[in-house]
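S.K.: Sequence:
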Amino acid sequence: MNIGFTPNEINALAEQLCPAILHRLDAAVKQHLKSSTPSLVRLTVKEVADQLKLSEKTILKYLAEGRLSGNNLGTITKPVWRISQKAVDDFLTH
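In this text, residue positions in the sequence shown follow our numbering: the first is 2, and each later residue adds one.
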């Protein structure tokens with residue numbers, strides 16, 4: 002069966018579908034990890050800030066001070082932090 006899309010139409014369709022698919026896949030993976038292995042869940046700075054009702058700047062400060070543990074998946078000049086739910090729980094209990 003030949004539908005007859007041009008390459009430009011296919012590219013435009015892919016550009017619209019890929020972000021939606023990736024967003025849903027990311028949400029499904031996070032939900033699965035939360036339900037099966039809470040200690041493996043990795044949260045962004047924004048997610049931790051929302052959870053703790055603090056600013057992202059405060060979370061970054063706590064990471065720099067070592068008060069909250071996390072992993073920098075980026076570089077020193079362009080950090081991309083991920084924090085485990087266990088680290089958040091430990092932060093709350095200490």
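These are calculated hints, taken from the structure and not from any lab test.
One thing to keep in mind: the hints can contain errors.
Derived DSS-like pairs: lysine-lysine, alpha-carbon spacing no greater than 27 Å straight-line [what the hints assert, rightly or not]:
1) 87 - 58
2) 87 - 31
3) 87 - 62
4) 62 - 79
5) 79 - 31
6) 31 - 47
7) 62 - 47
8) 54 - 31
Okay, the calculated beta carbon distance ranges per label pair [said to hold, decoys possible]:
9) 87 - 27: 17 to 27 Å
10) 91 - 6: 46 to 56 Å
11) 51 - 77: 48 to 58 Å
12) 29 - 59: 45 to 55 Å
13) 28 - 65: 25 to 35 Å
14) 73 - 95: 13 to 23 Å
15) 20 - 79: 14 to 24 Å
16) 5 - 77: 19 to 29 Å
17) 68 - 18: 24 to 34 Å
18) 18 - 95: 13 to 23 Å
19) 5 - 75: 35 to 45 Å
Since we're looking at a predicted model, the values are computed, not measured.
The C-beta atom is built at its ideal place from N, Cα and C for all residues, glycine as well.
S.K.: Each hint should be assessed against the structure and marked as holding or not.
M.R.: Here's how the hints hold up against the structure:
no. : hint                : in the structure
1   : 87 - 58             : holds (20 Å)
2   : 87 - 31             : holds (15 Å)
3   : 87 - 62             : holds (19 Å)
4   : 62 - 79             : holds (15 Å)
5   : 79 - 31             : holds (24 Å)
6   : 31 - 47             : holds (15 Å)
7   : 62 - 47             : holds (13 Å)
8   : 54 - 31             : holds (20 Å)
9   : 87 - 27: 17 to 27 Å : holds (20 Å)
10  : 91 - 6: 46 to 56 Å  : holds (52 Å)
11  : 51 - 77: 48 to 58 Å : violated (25 Å)
12  : 29 - 59: 45 to 55 Å : violated (30 Å)
13  : 28 - 65: 25 to 35 Å : holds (29 Å)
14  : 73 - 95: 13 to 23 Å : holds (21 Å)
15  : 20 - 79: 14 to 24 Å : holds (22 Å)
16  : 5 - 77: 19 to 29 Å  : violated (51 Å)
17  : 68 - 18: 24 to 34 Å : violated (41 Å)
18  : 18 - 95: 13 to 23 Å : violated (44 Å)
19  : 5 - 75: 35 to 45 Å  : holds (43 Å)
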